[in-house]
Amino acid sequence: MTTRDLLLTTWDWEPSVIIGCGALLVLYFYFVRPRTLWRILCYCAGVIVLLLALISPIDTLSDHYLFSVHMIQHLLLILAVSPLLILGIPAEFAVRFLGRPKIAGAERILSNPFVAWIAAALALGLWHVPVFYNFALAHEGVHVLEHLIFLVTATMFWWPVLTPVQEFRLGAGAAVLYLFLASMFNSILGIIITFAPLGCYPAYVHPQDALGILPLIRNHWGISAVADQQLGGLLMWVPAGLIYFSLIVGTVIRWQSGSEMDLPETQASCITRGEHAA
Amino acid sequence: MSEVPVALPVLRKLERFEKEAGMLSWLASVDHKQIGILYLITALIFFIAGGVEALLIRTQLMFPENRFLQPDAYNQIFTMHGTTMIFLVVVPGLLGLMVYLVPLMIGARDMAFPRLNALAYWLYAIGGCLLYFSFFAHDAPAAGWFAYTPLSEKPYSNLQGMDYWALSLLVIGVGTVATGLNVIATVATMRVKGMSLRHLPLFTWMSLINSFLIIGAMPALNAALVMLLIDRQLHGNFFRPAAGGTPIYWQHVFWNFGHPEVYIMVLPAFGIISEVIPVFSRKVIYGYAVVAGSTVAIALLSFGVWAHHMFAVGMGHFLDMIFAASSMLIAVPTGIKIFNWIATMWGGAIRFTTAMWFAVAFLLMFTMGGLSGVMFAVVPIDWQLTDTYFVVAHMHYVLFGGTAFAVFAGLYYWFPKFTGRMLSETLGKWHFWLTFVGFNLTFLVQHNLGILGMPRRVFTYPDIHAWNVLNFISTMGAYLLGVSVLVFLWNVIRSRRRGEIAGPDPWDAWTLEWATSSPPPVHNFDYVPPVRSARPLWDLKHPENPDWQRGGRTRAHVR
Amino acid sequence: MSAEFVHHKNRVLILAFIFSESIFFAFLITAFVLYHGRSPDGPNAHNTLEPVKTGIYSIILWASSLTMWLSEKSMMSFRFEHCKRWLEATMILGAIFLIGQGLEYHGMFARGISIGTDLFATTFFSTTGFHGLHVFIGLIVLLIMRGLTGAGFGQEEYQREGFLAASYYWHFVDAVWVAVFFILYVWGTR
Numbered sequence: 011m012t013t014r015d016l017l018l019t020t021w022d023w024e025p026s027v028i029i030g031c032g033a034l035l036v037l038y039f040y041f042v043r044p045r046t047l048w049r050i051l052c053y054c055a056g057v058i059v060l061l062l063a064l065i066s067p068i069d070t071l072s073d074h075y076l077f078s079v080h081m082i083q084h085l086l087l088i089l090a091v092s093p094l095l096i097l098g099i100p101a102e103f104a105v106r107f108l109g110r111p112k113i114a115g116a117e118r119i120l121s122n123p124f125v126a127w128i129a130a131a132l133a134l135g136l137w138h139v140p141v142f143y144n145f146a147l148a149h150e151g152v153h154v155l156e157h158l159i160f161l162v163t164a165t166m167f168w169w170p171v172l173t174p175v176q177e178f179r180l181g182a183g184a185a186v187l188y189l190f191l192a193s194m195f196n197s198i199l200g201i202i203i204t205f206a207p208l209g210c211y212p213a214y215v216h217p218q219d220a221l222g223i224l225p226l227i228r229n230h231w232g233i234s235a236v237a238d239q240q241l242g243g244l245l246m247w248v249p250a251g252l253i254y255f256s257l258i259v260g261t262v263i264r265w266q267s268g269s270e271m272d273l274p275e276t277q278a279s280c281i282t283r284g285e286h287a288a
Numbered sequence: 063m064s065e066v067p068v069a070l071p072v073l074r075k076l077e078r079f080e081k082e083a084g085m086l087s088w089l090a091s092v093d094h095k096q097i098g099i100l101y102l103i104t105a106l107i108f109f110i111a112g113g114v115e116a117l118l119i120r121t122q123l124m125f126p127e128n129r130f131l132q133p134d135a136y137n138q139i140f141t142m143h144g145t146t147m148i149f150l151v152v153v154p155g156l157l158g159l160m161v162y163l164v165p166l167m168i169g170a171r172d173m174a175f176p177r178l179n180a181l182a183y184w185l186y187a188i189g190g191c192l193l194y195f196s197f198f199a200h201d202a203p204a205a206g207w208f209a210y211t212p213l214s215e216k217p218y219s220n221l222q223g224m225d226y227w228a229l230s231l232l233v234i235g236v237g238t239v240a241t242g243l244n245v246i247a248t249v250a251t252m253r254v255k256g257m258s259l260r261h262l263p264l265f266t267w268m269s270l271i272n273s274f275l276i277i278g279a280m281p282a283l284n285a286a287l288v289m290l291l292i293d294r295q296l297h298g299n300f301f302r303p304a305a306g307g308t309p310i311y312w313q314h315v316f317w318n319f320g321h322p323e324v325y326i327m328v329l330p331a332f333g334i335i336s337e338v339i340p341v342f343s344r345k346v347i348y349g350y351a352v353v354a355g356s357t358v359a360i361a362l363l364s365f366g367v368w369a370h371h372m373f374a375v376g377m378g379h380f381l382d383m384i385f386a387a388s389s390m391l392i393a394v395p396t397g398i399k400i401f402n403w404i405a406t407m408w409g410g411a412i413r414f415t416t417a418m419w420f421a422v423a424f425l426l427m428f429t430m431g432g433l434s435g436v437m438f439a440v441v442p443i444d445w446q447l448t449d450t451y452f453v454v455a456h457m458h459y460v461l462f463g464g465t466a467f468a469v470f471a472g473l474y475y476w477f478p479k480f481t482g483r484m485l486s487e488t489l490g491k492w493h494f495w496l497t498f499v500g501f502n503l504t505f506l507v508q509h510n511l512g513i514l515g516m517p518r519r520v521f522t523y524p525d526i527h528a529w530n531v532l533n534f535i536s537t538m539g540a541y542l543l544g545v546s547v548l549v550f551l552w553n554v555i556r557s558r559r560r561g562e563i564a565g566p567d568p569w570d571a572w573t574l575e576w577a578t579s580s581p582p583p584v585h586n587f588d589y590v591p592p593v594r595s596a597r598p599l600w601d602l603k604h605p606e607n608p609d610w611q612r613g614g615r616t617r618a619h620v621r
Numbered sequence: 405m406s407a408e409f410v411h412h413k414n415r416v417l418i419l420a421f422i423f424s425e426s427i428f429f430a431f432l433i434t435a436f437v438l439y440h441g442r443s444p445d446g447p448n449a450h451n452t453l454e455p456v457k458t459g460i461y462s463i464i465l466w467a468s469s470l471t472m473w474l475s476e477k478s479m480m481s482f483r484f485e486h487c488k489r490w491l492e493a494t495m496i497l498g499a500i501f502l503i504g505q506g507l508e509y510h511g512m513f514a515r516g517i518s519i520g521t522d523l524f525a526t527t528f529f530s531t532t533g534f535h536g537l538h539v540f541i542g543l544i545v546l547l548i549m550r551g552l553t554g555a556g557f558g559q560e561e562y563q564r565e566g567f568l569a570a571s572y573y574w575h576f577v578d579a580v581w582v583a584v585f586f587i588l589y590v591w592g593t594r
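Chains as they are written, first to last, in my numbering: chain Z, 11 to 288; chain G, 63 to 621; chain B, 405 to 594.
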């Protein structure tokens, strides 16, 4: 099997994924009724990335062959899908939706920056503990659960930073601290994986080569088991760190240029959670 | 009045004490201005020491097979030169500017913790003496400024030199952290009413970011030094391969400090340039928010690229690849800044004072240093050129062509504020051109030497024609640099006594330090003008067209 | 300068200091993790550390965070007598922890284990030693605070803020021990 064959033939049209993505789109266009083009583009991009991460060869490779590709899959879910979906939600809808007291109450707890940060960190940290990671790899149901948890906690994490409702957003200083601590956690985890001894994730050291592509990966692509784990850790450490960094810098520049906070405090809207029903 | 009334009697007392105590007041002072001057003078003394060491190095390398210095002495001298210039000159010199200027720029009376400030200075001064005391103990450190293990371990450096080195850097490191903490607390809590963080002068903004770098990076050095000392003094095993330790761990910890350190040495320089260029171009800095934001980007990235100092270690293909990419990325925010400064000068009414000459030369020289830095991010080039004179050239273009030029710009700009008298412009121009020519003569040719394969840190070299010529040119340039420093010293000494009287605001500048007399009184300000933008003095001088009314600071206004 | 800004400076300083110190400890702990399992023959975490015994002392140290918190609350609500009592309790708990550490060291020295014995001993003594040093400095700070509160300290806002800063430092020292205990004693001996 060549690389070309691999990319063309190993698409895994898992019905649950396709139904899920379809449902996301239907819900969006039927209930949310977006009007701004860039929001629609963001949302659709989020769904497409989700689809690609879960059915394309990325999924096959990450389930059976390469730790590093599995890392890419997780990073896509956490750092691309969730933020893009949040960016796709129009402010009007968010305000209307959160106007219901019960939902507002849930949102208040879930998007509390402490709760959200810790939930995201726990999800990321615990699922990479070898015991849990290997268990998820061996059991398809647990694996799906793992991905769902990543999506949910990542959405919780990104909501205070990216929410369309300006009033719910963290202030610039708090956002910088929030993102900086997250990037630290993420980098430390990445550094640990990069320098950890081989064998934490045994399924990738000696993959069961059902498709017969192991020689292609090991010889043609030149990714040994050692390099694979190192690359996985590095992807988490550096490129993922850069995403946090660019958001921090973006926050600082936006705050410095004062596009949104020049309003005197009194003029700022006094919308608070749960008060939109009236 | 902006002073808290309760403090006034205390201030009077202080002022009287300073008058009565005379020179003695310098020993006991907690005034940020006196401490800033102490920092600068001490750094200048060590600069002369480090400069003499540099001249010794260049004299030894003037001819092939030279026997001017013995190999051991040569190793000691290049180690002391590097250590001195980095830890005793550049960093404390910049700290001196920071503690002198930051309180003035934000309209404060002093640092948040004046006594901590004094403690930090004395730790530095004593630490510096500790390092130089090693000469009297007949064994200066000789393992290079980054003291790679196992060379710096007991079996290979068995006299006391490395112990002096580690101890003195530990003492200085603690002091540096203290000043970093102090600057953060000062900027966070001592700003005059109206000065939001978005109205900070860029020098203060960069000092703030720099302080975060300091408190994030120096602990790594301190940890490394502690481990080295435990190995050397208590027979520990951290970096001893025989006991299972990894000498590479030293490199990881050291460069975790070492790379941010590069930016610790350059961010305040960026701050100086961001003050000098707008004032002498008569224009607002172009893109304040972007200059400020890219500083944060540099600070964050600087913690994520340390492994590029270790490409030669053999860390693995992917590690090299990823760090090569992230190291190239760090050039982006730096490049953005260069463009911002050029855009600030563009169409401005430029006044070519000595400060401005140095600032413009900084742009050129630093860009060259930056570009050779990007070359090193390419792993094969790094493998080819690492530990050659190309590295020496790159590093000096960043630290001398970059930081030192910016510091000279800053000294010509702020000397009137420090002393009340102008530095001579005539001598200044001589100083500038001698420095510029001498610097390029010394270090430009070292790029070629490196490409021709001459390794760094060798005490002599075989008789190879190209090497001979280039080394000779480089040494001549170094002597010229030595002369330029003498001109500068003469300028300082002469202007201190007989320079033109400056008055409070000789450059028609815009930040708060120019709103008080030169030199400022002990309590800094009798009256702090209202702050409603990043240029409070512009607003004061131009009530018809103040910055805060226009809203955006980024729009350029030529006067 | 406006007075309302000045009074946060102690807290800003101590928080920045804590950030700086955590990085210092991070490198020492990293050394332990990196070198874990590299001294199979000599003393190592498995055959030397006693997680249960140290665990008890650890709980005592963490309890001192609670008493410190109570002391700080009392200070903030002007109940200075309560403040002093809780402060004394904190100091006693901290001192017990240090004694525990001293006994542990003594036991190891008696078995001939010192900082130069092997990699485990080097990393262990460096990490816990520097932590112990921080506890000791914390005790001195608390002693000063106790002396000051005895002399009427705490009436002014800036004094209470200074007290708060000392308290933050103490909590930080305890938090470091959480990391040290779980990495050295729990993960290290698993």
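There's no promise every hint is true.
[Stated by the list, open to error] Label pairs and their computed distance ranges (CB to CB):
{"hint": "1", "chain 1": "Z", "residue 1": "Val139", "chain 2": "B", "residue 2": "Tyr562", "range": "54 to 60 Å"}
{"hint": "2", "chain 1": "B", "residue 1": "Arg442", "chain 2": "Z", "residue 2": "Glu177", "range": "52 to 58 Å"}
{"hint": "3", "chain 1": "G", "residue 1": "Ala411", "chain 2": "Z", "residue 2": "Met194", "range": "43 to 49 Å"}
{"hint": "4", "chain 1": "B", "residue 1": "Gly554", "chain 2": "Z", "residue 2": "Met194", "range": "38 to 44 Å"}
{"hint": "5", "chain 1": "B", "residue 1": "Ala499", "chain 2": "G", "residue 2": "Leu296", "range": "24 to 30 Å"}
{"hint": "6", "chain 1": "G", "residue 1": "Phe197", "chain 2": "B", "residue 2": "His486", "range": "27 to 33 Å"}
[Stated by the list, open to error] Which stretches of chain G does chain Z cover? Using the computed rule of at least three CB atoms under 8 Å from a CB of chain Z, they are:
{"hint": "7", "segment": "184 to 190"}
{"hint": "8", "segment": "373 to 385"}
[Claimed, not checked] Derived pair list, reagent style SDA-like, types lysine to any residue, alpha-carbon separation capped at 25 Å:
{"hint": "9", "chain 1": "G", "residue 1": "Lys255", "chain 2": "G", "residue 2": "Leu551"}
{"hint": "10", "chain 1": "G", "residue 1": "Lys603", "chain 2": "G", "residue 2": "Leu259"}
{"hint": "11", "chain 1": "G", "residue 1": "Lys255", "chain 2": "Z", "residue 2": "Arg45"}
{"hint": "12", "chain 1": "B", "residue 1": "Lys477", "chain 2": "G", "residue 2": "Lys603"}
{"hint": "13", "chain 1": "G", "residue 1": "Lys255", "chain 2": "B", "residue 2": "Arg564"}
{"hint": "14", "chain 1": "G", "residue 1": "Lys75", "chain 2": "B", "residue 2": "Gln563"}
{"hint": "15", "chain 1": "B", "residue 1": "Lys477", "chain 2": "Z", "residue 2": "Phe124"}
{"hint": "16", "chain 1": "B", "residue 1": "Lys457", "chain 2": "B", "residue 2": "Leu419"}
{"hint": "17", "chain 1": "G", "residue 1": "Lys255", "chain 2": "B", "residue 2": "Ile463"}
{"hint": "18", "chain 1": "B", "residue 1": "Lys477", "chain 2": "B", "residue 2": "Leu547"}
{"hint": "19", "chain 1": "B", "residue 1": "Lys477", "chain 2": "B", "residue 2": "Ile463"}
{"hint": "20", "chain 1": "G", "residue 1": "Lys81", "chain 2": "G", "residue 2": "Ile99"}
{"hint": "21", "chain 1": "G", "residue 1": "Lys216", "chain 2": "B", "residue 2": "Phe482"}
The set of hints was computed from the structure by calculation and includes no laboratory data.
A quick note: this is a predicted structure, and the numbers were derived from the prediction, not measured.
For each residue, glycine too, the CB sits at the ideal point set by N, CA and C.
To see whether the hints hold, each was checked on the structure:
At roughly 46 Å, the beta-carbon separation of Val139(Z) and Tyr562(B) lies outside the given 54 to 60 Å, and the hint is violated. For Arg442(B) and Glu177(Z), the Cβ-Cβ distance of about 54 Å falls inside the hinted range of 52 to 58 Å, so the restraint holds. The given range of 43 to 49 Å is respected by Ala411(G) and Met194(Z), whose C-beta atoms sit roughly 46 Å from each other. Distance hint check: the CB atoms of Gly554(B) and Met194(Z) are about 41 Å apart, consistent with the given range 38 to 44 Å.
The hinted window of 24 to 30 Å between Ala499(B) and Leu296(G) holds, with their beta carbons roughly 26 Å apart. Taken as a hint, the range 27 to 33 Å is violated for the pair Phe197(G) and His486(B), whose Cβ atoms sit roughly 58 Å apart. Given a C-beta distance limit of less than 8 Å, the hint that chain Z covers the segment 184 to 190 of chain G is violated, as 0 residues qualify and 3 are needed. With 6 residues having a beta carbon nearer than 8 Å to a beta carbon of chain Z, the segment 373 to 385 of chain G meets the requirement of three or more and the stated coverage holds.
For the suggested pair Lys255(G) and Leu551(G), the alpha carbons sit about 39 Å apart, so the restraint of at most 25 Å is broken. A threshold of 25 Å between alpha carbons decides the hint, and for Lys603(G) with Leu259(G) the separation of about 22 Å falls inside it, so the pair holds. Straight-line distance between C-alpha atoms of Lys255(G) and Arg45(Z) comes to about 44 Å, which puts the hinted pair past the 25 Å bound. The straight-line distance between the Cα atoms of Lys477(B) and Lys603(G) is roughly 50 Å, outside the 25 Å bound, and the hint therefore fails.
Of the supplied pair hints, the one linking Lys255(G) and Arg564(B) holds, its CA atoms being roughly 24 Å apart against a limit of 25 Å. Between the alpha carbons of Lys75(G) and Gln563(B) the distance comes to roughly 24 Å, so the proposed pair stays at or under 25 Å and holds. Of the pairs offered as hints, the one joining Lys477(B) and Phe124(Z) holds, with about 23 Å between alpha carbons and a cut-off of 25 Å not exceeded. The hinted pair formed by Lys457(B) and Leu419(B) fails the criterion: a straight-line CA distance of about 32 Å is larger than 25 Å.
With a C-alpha separation of about 46 Å, the suggested pairing of Lys255(G) with Ile463(B) is violated against the 25 Å cut-off. With a CA separation close to 18 Å, the supplied pair Lys477(B) and Leu547(B) stays within the 25 Å bound. At roughly 21 Å between alpha-carbon atoms, Lys477(B) and Ile463(B) fall within 25 Å of each other, so this suggested pair holds. Between Lys81(G) and Ile99(G) the CA atoms are separated by roughly 17 Å; this keeps the pair inside 25 Å, and the hint holds.
Between Lys216(G) and Phe482(B), the direct Cα distance comes to roughly 56 Å. Violation of the 25 Å bound is thereby established for this hinted pair.
Consistency note: the structure conflicts with the earlier hints numbered 1, 6, 7, 9, 11, 12, 16, 17, 21.
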